[in-house]
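Undergrad: Chains as they are written, first to last, in the working numbering: chain A, 1 to 339; chain B, 1 to 339.
If you're looking for bench data, these hints aren't it; they were derived computationally from the structure.
Hints should not be assumed to be uniformly reliable.
In this list, chains with the same sequence are indistinguishable; a pair is considered to hold if it fits within one copy or across any two.
[Said to hold, decoys possible] In the DSS-like style, the derived pairs of lysine-lysine whose C-alpha atoms are separated by at most 27 Å in a straight line are: (1) 220 / 187; (2) 187 / 117; (3) 56 / 302; (4) 220 / 136; (5) 150 / 220; (6) 220 / 190.
Computed from a predicted structure; not experimentally measured.
There are 2 protein chains.
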Amino acid sequence: MSETRPIALDAMGGDHAPHEIVAGAVHAVRERGLQVVLVGSPRVLYEALTDHDATKEVPIVRAEEALAMDEGALASLRRPRSSIAVACHLVRRGDAGAIVSAGSTAGIVATGRLRLKAQQGVLRPAIAVALPTRPKPTLLLDAGANAEAKPEMLVQFAHLGAAYAELAYDIEDPRVGLLTIGSEAEKGNKLVKRAYELLQGSPGLQFAGNVEGHDLLTGKVDVITTDGFTGNVALKTMEGTVRYAFTELREAISGSRPARLGAFMQRSRIRELRRRLDAEAYGGAVLLGLNGTVVIAHGSSKAQGISAACQLAADLSAEGIVARIGDRIAATGRSHRLW
Amino acid sequence: MSETRPIALDAMGGDHAPHEIVAGAVHAVRERGLQVVLVGSPRVLYEALTDHDATKEVPIVRAEEALAMDEGALASLRRPRSSIAVACHLVRRGDAGAIVSAGSTAGIVATGRLRLKAQQGVLRPAIAVALPTRPKPTLLLDAGANAEAKPEMLVQFAHLGAAYAELAYDIEDPRVGLLTIGSEAEKGNKLVKRAYELLQGSPGLQFAGNVEGHDLLTGKVDVITTDGFTGNVALKTMEGTVRYAFTELREAISGSRPARLGAFMQRSRIRELRRRLDAEAYGGAVLLGLNGTVVIAHGSSKAQGISAACQLAADLSAEGIVARIGDRIAATGRSHRLW
Numbered sequence: 001m002s003e004t005r006p007i008a009l010d011a012m013g014g015d016h017a018p019h020e021i022v023a024g025a026v027h028a029v030r031e032r033g034l035q036v037v038l039v040g041s042p043r044v045l046y047e048a049l050t051d052h053d054a055t056k057e058v059p060i061v062r063a064e065e066a067l068a069m070d071e072g073a074l075a076s077l078r079r080p081r082s083s084i085a086v087a088c089h090l091v092r093r094g095d096a097g098a099i100v101s102a103g104s105t106a107g108i109v110a111t112g113r114l115r116l117k118a119q120q121g122v123l124r125p126a127i128a129v130a131l132p133t134r135p136k137p138t139l140l141l142d143a144g145a146n147a148e149a150k151p152e153m154l155v156q157f158a159h160l161g162a163a164y165a166e167l168a169y170d171i172e173d174p175r176v177g178l179l180t181i182g183s184e185a186e187k188g189n190k191l192v193k194r195a196y197e198l199l200q201g202s203p204g205l206q207f208a209g210n211v212e213g214h215d216l217l218t219g220k221v222d223v224i225t226t227d228g229f230t231g232n233v234a235l236k237t238m239e240g241t242v243r244y245a246f247t248e249l250r251e252a253i254s255g256s257r258p259a260r261l262g263a264f265m266q267r268s269r270i271r272e273l274r275r276r277l278d279a280e281a282y283g284g285a286v287l288l289g290l291n292g293t294v295v296i297a298h299g300s301s302k303a304q305g306i307s308a309a310c311q312l313a314a315d316l317s318a319e320g321i322v323a324r325i326g327d328r329i330a331a332t333g334r335s336h337r338l339w
Numbered sequence: 001m002s003e004t005r006p007i008a009l010d011a012m013g014g015d016h017a018p019h020e021i022v023a024g025a026v027h028a029v030r031e032r033g034l035q036v037v038l039v040g041s042p043r044v045l046y047e048a049l050t051d052h053d054a055t056k057e058v059p060i061v062r063a064e065e066a067l068a069m070d071e072g073a074l075a076s077l078r079r080p081r082s083s084i085a086v087a088c089h090l091v092r093r094g095d096a097g098a099i100v101s102a103g104s105t106a107g108i109v110a111t112g113r114l115r116l117k118a119q120q121g122v123l124r125p126a127i128a129v130a131l132p133t134r135p136k137p138t139l140l141l142d143a144g145a146n147a148e149a150k151p152e153m154l155v156q157f158a159h160l161g162a163a164y165a166e167l168a169y170d171i172e173d174p175r176v177g178l179l180t181i182g183s184e185a186e187k188g189n190k191l192v193k194r195a196y197e198l199l200q201g202s203p204g205l206q207f208a209g210n211v212e213g214h215d216l217l218t219g220k221v222d223v224i225t226t227d228g229f230t231g232n233v234a235l236k237t238m239e240g241t242v243r244y245a246f247t248e249l250r251e252a253i254s255g256s257r258p259a260r261l262g263a264f265m266q267r268s269r270i271r272e273l274r275r276r277l278d279a280e281a282y283g284g285a286v287l288l289g290l291n292g293t294v295v296i297a298h299g300s301s302k303a304q305g306i307s308a309a310c311q312l313a314a315d316l317s318a319e320g321i322v323a324r325i326g327d328r329i330a331a332t333g334r335s336h337r338l339w
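Generate the whole structure from the sequences, applying the supplied hints.
TA: Laid out in structure tokens, this is it:
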């Protein structure tokens, strides 16, 4: 039963590893009732757990190596005993249901592809990011796992995202948009023009046509499919623009005396809003399409973020996201013979 | 002397054509001392000029057709007598120094390519957009003229942008960044990896390496080169994110009573800031690389925006942007034989 398998939590990845990761594990176990296994250096982790008086609540699995935050895909392949590699091993063996890591995205993707392998029929795994639209998030994928993509991959990313939207956010028959540079069918580069044709005929998909950059945060569709290059540029552009807008805002409201007063009163709300936008822009990134789900927490995650990522991983695992994706891809393959 | 040639202003393009366009022309002539020729339906334009008592100050050149805002590239090619086509003709004949249009971008690009032709050695014209960084803008190009690009084009876009930065913003030896998905040289898709190599060896260019989406608004570089697909997605993502951030902000500051009071005091400043960000995100879009400069004003431009666009067109024309680009491209071609 996937429901009862613990989350394998990479304790060595992230800017605040291992202490905030361990604190997140303890929070997930005590406050959320989740099962979590910490993967990393036993000595270090045991000490950290001792600080929380939690050595009996959170088991440790040994991994003596860790990927540095700036280590990329190649380095990760050279480290079969890294914490993320060991976490993958736990999932393959059936000892864990899903993985959470705040480590280097490139390292997680490379290790995951090598050690978990793509699901049958899946051409490439993709990173799905939940954008902070309302009432439900819009899922953008691929947010950076693949710098190059083929039209058939964009169709699969749509299905990966649709499965995620259904299971994690209870969205029935998710609307899927194709990110391009104009709303008409013929707009875009060769990749998206061909993807448009394929998406129109893909079974089990409510294809809503093209969307543009300004539609990312309007909630116009539930899933937006794009190649990992465009998706990553768009995601980081959003992040940078939010920062820019708030910096400009701070200057605008500190310019006059009554405005300063107003700013004082609103400071905490604005700070709260900014934090929400910053966190949510990257929150809930999930690597989909492998034989096992990997939740990629933001590198700067602290205990609360890690705990929330464990909840997302547990939910996706319990809902059977891998099986749901498998069904969708199989249905697509049967009617279209895309590969 | 290019300095004395008037601006050919497409009076029929834009959401508020022809009245706001005509008002912009009158403003440019009276307040800025520019020479402007209105291109469009003489009867309509004469009437509009009469309202400003300006029939003797602004000449009219007849063009009986106009491109609708939703007409794209193909339609524009079928209309040799459209206002934008006639404006191009004036520049080719030497009767105008540059063009301003608030019409359909796709139509302007297609008509400009057909009727003005690319400058010698220029593979493709590109749209440059000035992003609202400080103290000087960062120029992003291509913002959407070419959905597909080759590595050599990205090098040329860098030179087009550098010439624009030098002439319009007095930036000496502009720093050029390549938009991709990681700061290391090997990050990105095939297009940008090859462009990176070519940019490193391009004469007269201060190549500062890769930049990412979150660098677009930080002023880290003066010119950012990218293909028109990625550039357009990034630009529209910025626009959408600014709108989103301000909508969220409005909700955040109207939630509590003291906050409402603060909001009241700050309302005008916030509105002012939002307007600036919205306008500047698209303001100053210029189609570069043709035998003649075309300033693409925002479709929703009113008189002030049109007048400012005429000023930009006059400045670029007077400074000899076409010749400057020609020099740069010639120098690149001699040392590298890219084509």
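Undergrad: Each hint should be assessed against the structure and marked as holding or not.
TA: We went through each hint and held it up to the structure:
no. : hint      : result
1   : 220 / 187 : within (18 Å within a copy, 31 Å between copies)
2   : 187 / 117 : between (34 Å within a copy, 23 Å between copies)
3   : 56 / 302  : within (22 Å within a copy, 69 Å between copies)
4   : 220 / 136 : within (11 Å within a copy, 35 Å between copies)
5   : 150 / 220 : within (25 Å within a copy, 32 Å between copies)
6   : 220 / 190 : within (24 Å within a copy, 32 Å between copies)
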